[in-house]
Amino acid sequence: MPGRILKMHNCQARLLADIPEMSFTEFRDMSINQIQKGARVVSFFGCLDENKSIRLMMILAYDKQGYLTAFSTIVKDAYDSLTLQIPQVNRFEREIFEQWGVCPKGHPWLKPIRPQQTLNNNLDNFPGKENIPLVSDFFKIKGEEIHEVAVGPVHAGIIEPGHFRFQCHGEEVFHLEISLGYQHRGIEKALINGPDKRTIHYMETAAGDTTIGHALAYCQAIEGLADCAVPLRASALRAVMLELERLANHTGDLGALANDVGYLPTAAYCGRLRGDFLNLTAFICGNRFGRNMLRPGGVRFDLTDSMINEAKQRLIKTFEDVSNAVSLLWDSSLVADRFDDTGSLSQKTALDLGLVGISARACGIEQDIRFDFPTGIFKFSQIPISTHSSGDVFARAFVRWLEIQRSVKFILDQLNKLPEGEIMAAVPLLKPKNIAVSLVEGWRGEICHVVITDINGNIRQYKIVDPSFHNWLGLAIALRGEEISDFPICNKSFSLSYCGHDL
Amino acid sequence: MIKTLYARLKQGYRTMPFPVKADALPNRFLGRPYLSANLSPADFQQCKQVCPTKAIAGSEANFSLDLGKCLFCGECQKISQNKAIVFSKEYRLARSERKSLVLSNQPDMAEQRIKKKINNIFGRSLKLRQVSAGGCNACELDINVLNTPGFDLARFGIQFVASPRHADGIVLTGPVTKNMQLALEKTYKAIPSPKLVIAVGACAISGGAYIDHPEANNGIDALIPVDLYIPGCPPHPLTILDGLLSLIKC
Ligand code: SF4
Numbered sequence: 001m002p003g004r005i006l007k008m009h010n011c012q013a014r015l016l017a018d019i020p021e022m023s024f025t026e027f028r029d030m031s032i033n034q035i036q037k038g039a040r041v042v043s044f045f046g047c048l049d050e051n052k053s054i055r056l057m058m059i060l061a062y063d064k065q066g067y068l069t070a071f072s073t074i075v076k077d078a079y080d081s082l083t084l085q086i087p088q089v090n091r092f093e094r095e096i097f098e099q100w101g102v103c104p105k106g107h108p109w110l111k112p113i114r115p116q117q118t119l120n121n122n123l124d125n126f127p128g129k130e131n132i133p134l135v136s137d138f139f140k141i142k143g144e145e146i147h148e149v150a151v152g153p154v155h156a157g158i159i160e161p162g163h164f165r166f167q168c169h170g171e172e173v174f175h176l177e178i179s180l181g182y183q184h185r186g187i188e189k190a191l192i193n194g195p196d197k198r199t200i201h202y203m204e205t206a207a208g209d210t211t212i213g214h215a216l217a218y219c220q221a222i223e224g225l226a227d228c229a230v231p232l233r234a235s236a237l238r239a240v241m242l243e244l245e246r247l248a249n250h251t252g253d254l255g256a257l258a259n260d261v262g263y264l265p266t267a268a269y270c271g272r273l274r275g276d277f278l279n280l281t282a283f284i285c286g287n288r289f290g291r292n293m294l295r296p297g298g299v300r301f302d303l304t305d306s307m308i309n310e311a312k313q314r315l316i317k318t319f320e321d322v323s324n325a326v327s328l329l330w331d332s333s334l335v336a337d338r339f340d341d342t343g344s345l346s347q348k349t350a351l352d353l354g355l356v357g358i359s360a361r362a363c364g365i366e367q368d369i370r371f372d373f374p375t376g377i378f379k380f381s382q383i384p385i386s387t388h389s390s391g392d393v394f395a396r397a398f399v400r401w402l403e404i405q406r407s408v409k410f411i412l413d414q415l416n417k418l419p420e421g422e423i424m425a426a427v428p429l430l431k432p433k434n435i436a437v438s439l440v441e442g443w444r445g446e447i448c449h450v451v452i453t454d455i456n457g458n459i460r461q462y463k464i465v466d467p468s469f470h471n472w473l474g475l476a477i478a479l480r481g482e483e484i485s486d487f488p489i490c491n492k493s494f495s496l497s498y499c500g501h502d503l
Numbered sequence: 001m002i003k004t005l006y007a008r009l010k011q012g013y014r015t016m017p018f019p020v021k022a023d024a025l026p027n028r029f030l031g032r033p034y035l036s037a038n039l040s041p042a043d044f045q046q047c048k049q050v051c052p053t054k055a056i057a058g059s060e061a062n063f064s065l066d067l068g069k070c071l072f073c074g075e076c077q078k079i080s081q082n083k084a085i086v087f088s089k090e091y092r093l094a095r096s097e098r099k100s101l102v103l104s105n106q107p108d109m110a111e112q113r114i115k116k117k118i119n120n121i122f123g124r125s126l127k128l129r130q131v132s133a134g135g136c137n138a139c140e141l142d143i144n145v146l147n148t149p150g151f152d153l154a155r156f157g158i159q160f161v162a163s164p165r166h167a168d169g170i171v172l173t174g175p176v177t178k179n180m181q182l183a184l185e186k187t188y189k190a191i192p193s194p195k196l197v198i199a200v201g202a203c204a205i206s207g208g209a210y211i212d213h214p215e216a217n218n219g220i221d222a223l224i225p226v227d228l229y230i231p232g233c234p235p236h237p238l239t240i241l242d243g244l245l246s247l248i249k250c
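Quick mapping for you: the protein sequence lines, in order, are chains U and D.
Per the working numbering, the very first residue in the first sequence carries number 1; after that it's consecutive.
Per the working numbering, the very first residue in the second sequence carries number 1; after that it's consecutive.
A few of these clues could be false.
Unchecked claim - Which residues of chain U face chain D? A few of them, derived with a C-beta cut under 8 Å, are:
| # | residue |
| --- | --- |
| 1 | GLN36 |
| 2 | LYS37 |
| 3 | ILE158 |
| 4 | HIS184 |
| 5 | GLY275 |
| 6 | ASN292 |
| 7 | PHE301 |
| 8 | TRP330 |
| 9 | ASP331 |
| 10 | GLU366 |
| 11 | TRP401 |
No wet-lab data here; the hints were simulated from the structure.
Just so you know, these numbers come straight off a predicted model, no measurement behind them.
All residues carry an ideal CB built from backbone N, CA and C; glycine is no exception.
All chains, please: the whole structure from these sequences, using the hints.
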């Protein structure tokens, strides 16, 4: 069996026909076996074969070894759920159920994750098709002193919609169920038969706060499928943008965390400083979120020498202020009291749930795409992985601070030795009947785009996994046994995307 | 404590004046586009073809660009050799009428920005409720940023409130996904009349990149009457601020 493992690299195009196909029993054993050996599920989805049968595709990552693998099996309308053996596929199985009408039999909690039209046109009367998120059962705990708290989809702040259902005993949360899907816009379906002129805009708005992250994952996938070599200068500028996005969001989140525990100085300063990073992004490409910067083949905006100098100076100045604002946080006993031991997750739970990004690194898991699966300029300039082991709100905040420091250093390094040359290369046609898996370490964590091309080199299927898709369950589990009033800081410490999940 | 006070001194006073000077916006910022009156058919076709959202329509003699659909991607400006469309740094883009968002290359069209009648109802205080219905979080974040000390929205008497019952109006982002439509309608109903509706971003105005998706509406227009449109993808915070301020007495 091990001989059948197909090794793939990040963004490497592979013939679809080379992906091993096996019986379901083999598929299940292989999955369980590889997970036990330390592999991790980056994506698990259904796709339509040329002969119209439904193929389940499992994509695993071996972080320490730095390669990916894919294998598949053909299913009809049902198969035996893998969730009990591999908890990290639980949401993927629910997604397969609602997208293809293929039932994972024995799944412990089979309900739609984002009510949507199925991708399988043969299915008219699919169960969950017409469900809207709120109109479905929630997990309930019964008992005299149990009460239920429902929050959302419209929240008190300026924030995206989601519904949170708490089962509480007094102040204590026994269980939290998070119901999403309100933001579903049908992105994956609209990408089929592309790429076209709208494709990049879907990417840039899949999760607007991760414009660069998702656009980069897309560009790299396309470049892999087209065998296109991106000029080094473009590669470096892309990485600079990716890290600026991380800086803006991490700074904003640290401010918001301070705000949620009532420590206003840091909240106020970081709110403004986040804007300084966004303005620096706009200084480079005109848009605060990095819209219009990335395109397959390279980037659209170059930096002149004087712009490079100005960018460096602004970055240094902003970083100074951020250091000052954030250091207040670590000195405050009020903050320590609220951050420490709040919303803790053990490393084992994090591994079982397949958490990614900051949430995983805050549990001491060394996992970072920039380091484990480097692409572009990250192959030449490494950023060390930032971790902390306590798994609580403090750890998630502290990992952000570590990453801020390393990103600033990285950007300055890049700007100091920006390679000369072009910023855009022509992109040839995509190879037909190929598959590429593209991973990017967005600011929240691992972004995974899987692209499969058809016989003409158009997109036959596009699978997006935002880090939030893995991590929402982490938040729900972290809340168990906590006081309900700690929900805001726990939520903020994960800082997950609604639209990135709902697509 | 000493350190906190010292930090306060170091961080300084950072609230920006409003209206801002032109250099507050980055050089590469794309604001209001201007359309050339004089074009070859080829020029016009090129622009029309690159546009991802069909914002450009008409013919070369009489063509228009719909700010409500425009994603400000700049592709049209880039492709046109003869400056068919040129983006300026003018950030004040809000309009009260949907049709005023459609810019023309005909010079004599008088441009109406904001109807003033709303002023008198809410005077100098405006309480708003934000609802995101499929917004990608960019519009939401750039509305939220108005609450930071840099913009300090509260100094103008505008506040975002937690309950629709406390609000004078709704600020909507996103194309209004089908899954969120019911919640939006309920929120709208919960706001006491008279109430305002402000659509922020291309998605909320026209569907934006999601125009004609079966999973969403083409913005809020067909569902609820809108009082103010703030275009952009996402609009710059200053564009949003300017739009909101146009609704109250300053
Ligand atoms: S800038 Fe606006 S009008 Fe021009 S191509 Fe982009 S979306 Fe279309």
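Hints, verified against the model:
{"no.": "1", "hint": "GLN36", "result": "violated, 37 Å"}
{"no.": "2", "hint": "LYS37", "result": "violated, 37 Å"}
{"no.": "3", "hint": "ILE158", "result": "holds, 4 Å"}
{"no.": "4", "hint": "HIS184", "result": "holds, 5 Å"}
{"no.": "5", "hint": "GLY275", "result": "holds, 6 Å"}
{"no.": "6", "hint": "ASN292", "result": "holds, 5 Å"}
{"no.": "7", "hint": "PHE301", "result": "holds, 7 Å"}
{"no.": "8", "hint": "TRP330", "result": "violated, 11 Å"}
{"no.": "9", "hint": "ASP331", "result": "holds, 6 Å"}
{"no.": "10", "hint": "GLU366", "result": "violated, 29 Å"}
{"no.": "11", "hint": "TRP401", "result": "violated, 16 Å"}
The structure shown violates the earlier hints numbered 1, 2, 8, 10, 11.
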